[in-house]
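S.K.: Build the full structure now, drawing on both the sequences and the hints.
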Amino acid sequence: MEFVHFLELIFVVAVLLLVGIPLFGKFQYKKLVEVVNPENDEYKHLLVRKEETLISIKELEFDLSAEKISNSDYQDLRKKLEAEANEIIERLDQLEQGRKKAKSAR
Amino acid sequence: MNDIGEFTLLVALATAIYGCVSYVMAVRGNRIDLYLSADKTPLIVWGCVLISSICLWKAFLTNDFSLQYVWAYSNIELDTFYKIASFWGGQKGSLLFWTLLLTTYTVVVHFQNRKTNLRVVPYAMAVLLVIIVFFLFLINFSTNPFERIPLPPEDGRGLNPLLQNYWMVIHPPTLYLGYVGFTVPFAFAVAALISKNLDDGWIRLTRKWTLISWFFLCMGNLFGASWAYVELGWGGYWAWDPVENAAFMPLLIATAFLHSIMIQEKKDMMKVWNMSLILLTFVMTIFGTFITRSGLIQSVHTFDEATLGYYFLAFLFVILLACIALIISRLPLLKSKNQLDSFLSRESSFLFNNLVLLGIAFATFWGTIFPIISEAVRGIKITVGPPFYNQVNVPIGLALLALIGIGPVIAWRRATLSNLKKNFLKPLAAAFVAAIALLPVIPLGSRTEIYTYATFVLCVFVMACIIIEFYKGTASRMGLHEESVLGALTTVTWRNKRRYGGYIVHIGVVLIFAGIAGSQAYGTHIEKHLNPGESFKIRGYDITYEKLVAIEATNVKTRIIAQLQVERNGSHYWTAKPEKEFYKGQNQPVSEVDVLSTWKEDLYMILADFREDESATIKVYVNPMVSWMWTGGWIIAFGTMISMWPDRLEQRRRLERFRREELLFPSPAQE
Chain Y
611 MEFVHFLELI FVVAVLLLVG IPLFGKFQYK KLVEVVNPEN DEYKHLLVRK EETLISIKEL
671 EFDLSAEKIS NSDYQDLRKK LEAEANEIIE RLDQLEQGRK KAKSAR
Chain U
8 MNDIGEFTLL VALATAIYGC VSYVMAVRGN RIDLYLSADK TPLIVWGCVL ISSICLWKAF
68 LTNDFSLQYV WAYSNIELDT FYKIASFWGG QKGSLLFWTL LLTTYTVVVH FQNRKTNLRV
128 VPYAMAVLLV IIVFFLFLIN FSTNPFERIP LPPEDGRGLN PLLQNYWMVI HPPTLYLGYV
188 GFTVPFAFAV AALISKNLDD GWIRLTRKWT LISWFFLCMG NLFGASWAYV ELGWGGYWAW
248 DPVENAAFMP LLIATAFLHS IMIQEKKDMM KVWNMSLILL TFVMTIFGTF ITRSGLIQSV
308 HTFDEATLGY YFLAFLFVIL LACIALIISR LPLLKSKNQL DSFLSRESSF LFNNLVLLGI
368 AFATFWGTIF PIISEAVRGI KITVGPPFYN QVNVPIGLAL LALIGIGPVI AWRRATLSNL
428 KKNFLKPLAA AFVAAIALLP VIPLGSRTEI YTYATFVLCV FVMACIIIEF YKGTASRMGL
488 HEESVLGALT TVTWRNKRRY GGYIVHIGVV LIFAGIAGSQ AYGTHIEKHL NPGESFKIRG
548 YDITYEKLVA IEATNVKTRI IAQLQVERNG SHYWTAKPEK EFYKGQNQPV SEVDVLSTWK
608 EDLYMILADF REDESATIKV YVNPMVSWMW TGGWIIAFGT MISMWPDRLE QRRRLERFRR
668 EELLFPSPAQ E
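Residue numbers (this note's numbering), protein chains in the order written: chain Y, 611 to 716; chain U, 8 to 678.
These aren't lab readings, by the way, just hints derived from the structure by calculation.
Among the hints, a few may not be true.
Once the Cα atoms are required to be at most 27 Å apart in a straight line, the calculated DSSO-like pairs of lysine-lysine come out as [as the list claims (entries may be wrong)]:
{"hint": "1", "chain 1": "U", "residue 1": "Lys-122", "chain 2": "Y", "residue 2": "Lys-690"}
{"hint": "2", "chain 1": "U", "residue 1": "Lys-122", "chain 2": "Y", "residue 2": "Lys-636"}
{"hint": "3", "chain 1": "U", "residue 1": "Lys-215", "chain 2": "Y", "residue 2": "Lys-668"}
{"hint": "4", "chain 1": "Y", "residue 1": "Lys-654", "chain 2": "U", "residue 2": "Lys-122"}
{"hint": "5", "chain 1": "U", "residue 1": "Lys-273", "chain 2": "Y", "residue 2": "Lys-690"}
{"hint": "6", "chain 1": "Y", "residue 1": "Lys-689", "chain 2": "U", "residue 2": "Lys-215"}
{"hint": "7", "chain 1": "U", "residue 1": "Lys-564", "chain 2": "U", "residue 2": "Lys-273"}
{"hint": "8", "chain 1": "U", "residue 1": "Lys-429", "chain 2": "Y", "residue 2": "Lys-654"}
{"hint": "9", "chain 1": "Y", "residue 1": "Lys-668", "chain 2": "U", "residue 2": "Lys-433"}
{"hint": "10", "chain 1": "Y", "residue 1": "Lys-713", "chain 2": "U", "residue 2": "Lys-504"}
{"hint": "11", "chain 1": "Y", "residue 1": "Lys-654", "chain 2": "U", "residue 2": "Lys-273"}
{"hint": "12", "chain 1": "Y", "residue 1": "Lys-640", "chain 2": "U", "residue 2": "Lys-433"}
{"hint": "13", "chain 1": "U", "residue 1": "Lys-273", "chain 2": "Y", "residue 2": "Lys-660"}
{"hint": "14", "chain 1": "U", "residue 1": "Lys-591", "chain 2": "U", "residue 2": "Lys-564"}
{"hint": "15", "chain 1": "U", "residue 1": "Lys-273", "chain 2": "Y", "residue 2": "Lys-689"}
{"hint": "16", "chain 1": "Y", "residue 1": "Lys-641", "chain 2": "U", "residue 2": "Lys-428"}
{"hint": "17", "chain 1": "U", "residue 1": "Lys-215", "chain 2": "Y", "residue 2": "Lys-690"}
{"hint": "18", "chain 1": "Y", "residue 1": "Lys-689", "chain 2": "U", "residue 2": "Lys-564"}
{"hint": "19", "chain 1": "Y", "residue 1": "Lys-690", "chain 2": "U", "residue 2": "Lys-344"}
{"hint": "20", "chain 1": "Y", "residue 1": "Lys-710", "chain 2": "U", "residue 2": "Lys-122"}
{"hint": "21", "chain 1": "Y", "residue 1": "Lys-668", "chain 2": "U", "residue 2": "Lys-344"}
{"hint": "22", "chain 1": "U", "residue 1": "Lys-344", "chain 2": "Y", "residue 2": "Lys-654"}
{"hint": "23", "chain 1": "U", "residue 1": "Lys-564", "chain 2": "Y", "residue 2": "Lys-654"}
{"hint": "24", "chain 1": "Y", "residue 1": "Lys-690", "chain 2": "U", "residue 2": "Lys-564"}
{"hint": "25", "chain 1": "Y", "residue 1": "Lys-668", "chain 2": "U", "residue 2": "Lys-504"}
{"hint": "26", "chain 1": "U", "residue 1": "Lys-429", "chain 2": "Y", "residue 2": "Lys-690"}
{"hint": "27", "chain 1": "Y", "residue 1": "Lys-640", "chain 2": "U", "residue 2": "Lys-535"}
M.R.: Right, here's the structure in full:
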């Protein structure tokens, strides 16, 4: 057997070992992901929305201090954003409470 | 080594196929063992492609002409610098180089995400591997760089002299880094569609990737223009060549995407639009490779052996159909719950910016494919030249320039007329002053002159908008924190990297617009046949042709240099040395221009021809404001760096989000 072919053989064996070993391993968890929970998705989404809304409020404050928007526009938009943020936080609280109850019931 | 290089390519292909299948099976069957097995494949594929690339580089550096590719693109006399760059000088090597970059990006994505987002990441990895499989299939079975010559010749044919320029080492890798980079956001977008995770998670995961790819593509375009300027010797930098267009179109669409994702992040809307834009950007990158490798469209940039058109065309259609089908099937999930608060808002200005960018992209696309369509329909290939692009794209480009100024000044969500008046008063006043000041300087006799005038006025307007934005931010910071001007400016930029980094990028774009307008409208040139000692004038420069010098630079290269003295206002200004280079075995000589570049204008000299009696034909261009474009490019690079710089606050917020998610919905630990 030529040296090059020997190297190729070693190479193939190494690749097979690398991808093959996990297939015969034992793992604490069998599943890759939990069964899809729509509440989890909503919770994740709301966390991002909350963050974005709070950032928008901060930017609005910055725009006011930079005199980019008038005080009345600022008040209107801030009210709107605060209402959005409250709505999101209330829903987040609901989800957290619901989850905690479900956990304690188990 | 060549056997090893060829063999590892086959192993890479087999492993990539296994990786695709096992990633999909792992996520479909929810099997961690399969995922951990698939998890090894990106690294193996990358390792194999890297070994193969090293083998090819070694063949170039050791003059191994038993490889057809090395013979075709190198020779013994070629500088080591260019031997390294010859790797991507032809179709075969360029595809291997593309695959090397793609696998490298894939490995980085793999290490960044292998333990998070396990509902999306396996699909994204599978998509990346499918694309790698396509390229590896071509390399292995259609255009193998390790193809042998039975009786190896003693020397190679050599690299095309036009490619023997330092830009050859910089421009293609930069452009490829941009092209290839868009595969990552594309893969995550497709993964989000398949896995139905259609919030803006995929955008957040890939925002930096999009920005990096955009940056490289932008720089690649500018480097390409710079290369064309110094190497092709026609005095210009952009010719609306199909291959130039192919690199320009994804840049335009990606720019639209970068702006519209801000609306999705802020308002959770425009999901279908953003999805379509990133898919289209990727499709356009494949379209670009199709153009250079199909041989269907004539271009100075196409590869000699452009034979892969049908493969790329088929791949293009499959991607396009799959993406359209995926988007249609997920339409109900992509529906936005929110609407625009007001027509007068930054969001709507971004929408206009998107339409304008897509308008330019579509016009460019139409002009690029028109020769194919005309040949298919009427049997005559009608080439579309620069007049078409200039006629269509210049007015749309001016609208875009105006929007660059308007967008940042309007507040998010809603702006009132009184505020708009207040915010635009100063920039409009600046533009008005510029309009008055420029009237005597710029005659308005032709359409070109009107466009140039409008461009300069708009540039002033946009610069005023940006400067006022910086001023307002700095003043606000100074008022609140008692900081110095420089301190407040630095802090306000550093704390709002995305916003102010973006503004800096806009400054660069304004300089590019000004540079294009100035050089296109006020450039002039002259061609003279001169004997030694004869002089001529152009735009205040007195140019005297002195002599012709011949130098045997290497065994294969002879340089014929014309020496010219340039005087300005009666005193010596510059000694120009344009030349022609003759390469052994090449029929056509190559012009090496000599350029003196200042902020005001470039003095650009070409040795067009010469005779044995030492007389020479000299072509001189005076190109105003070209250096503004290159400066604009560096400013774009600086602004993009600021925008991309990791934001500690953002990282903290993300960690806090993960912590809360984990607390409430713990995911199974990995490994």
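S.K.: Now, for every hint given, state plainly whether the structure supports it.
M.R.: Against the structure, the hints:
no.: 1; hint: U:Lys-122 with Y:Lys-690; verdict: violated (38 Å)
no.: 2; hint: U:Lys-122 with Y:Lys-636; verdict: holds (18 Å)
no.: 3; hint: U:Lys-215 with Y:Lys-668; verdict: holds (23 Å)
no.: 4; hint: Y:Lys-654 with U:Lys-122; verdict: holds (17 Å)
no.: 5; hint: U:Lys-273 with Y:Lys-690; verdict: holds (14 Å)
no.: 6; hint: Y:Lys-689 with U:Lys-215; verdict: violated (33 Å)
no.: 7; hint: U:Lys-564 with U:Lys-273; verdict: violated (59 Å)
no.: 8; hint: U:Lys-429 with Y:Lys-654; verdict: violated (40 Å)
no.: 9; hint: Y:Lys-668 with U:Lys-433; verdict: holds (26 Å)
no.: 10; hint: Y:Lys-713 with U:Lys-504; verdict: violated (42 Å)
no.: 11; hint: Y:Lys-654 with U:Lys-273; verdict: holds (16 Å)
no.: 12; hint: Y:Lys-640 with U:Lys-433; verdict: violated (65 Å)
no.: 13; hint: U:Lys-273 with Y:Lys-660; verdict: holds (10 Å)
no.: 14; hint: U:Lys-591 with U:Lys-564; verdict: holds (6 Å)
no.: 15; hint: U:Lys-273 with Y:Lys-689; verdict: holds (17 Å)
no.: 16; hint: Y:Lys-641 with U:Lys-428; verdict: violated (60 Å)
no.: 17; hint: U:Lys-215 with Y:Lys-690; verdict: violated (31 Å)
no.: 18; hint: Y:Lys-689 with U:Lys-564; verdict: violated (74 Å)
no.: 19; hint: Y:Lys-690 with U:Lys-344; verdict: holds (16 Å)
no.: 20; hint: Y:Lys-710 with U:Lys-122; verdict: holds (26 Å)
no.: 21; hint: Y:Lys-668 with U:Lys-344; verdict: holds (23 Å)
no.: 22; hint: U:Lys-344 with Y:Lys-654; verdict: holds (17 Å)
no.: 23; hint: U:Lys-564 with Y:Lys-654; verdict: violated (65 Å)
no.: 24; hint: Y:Lys-690 with U:Lys-564; verdict: violated (73 Å)
no.: 25; hint: Y:Lys-668 with U:Lys-504; verdict: holds (15 Å)
no.: 26; hint: U:Lys-429 with Y:Lys-690; verdict: holds (23 Å)
no.: 27; hint: Y:Lys-640 with U:Lys-535; verdict: violated (80 Å)
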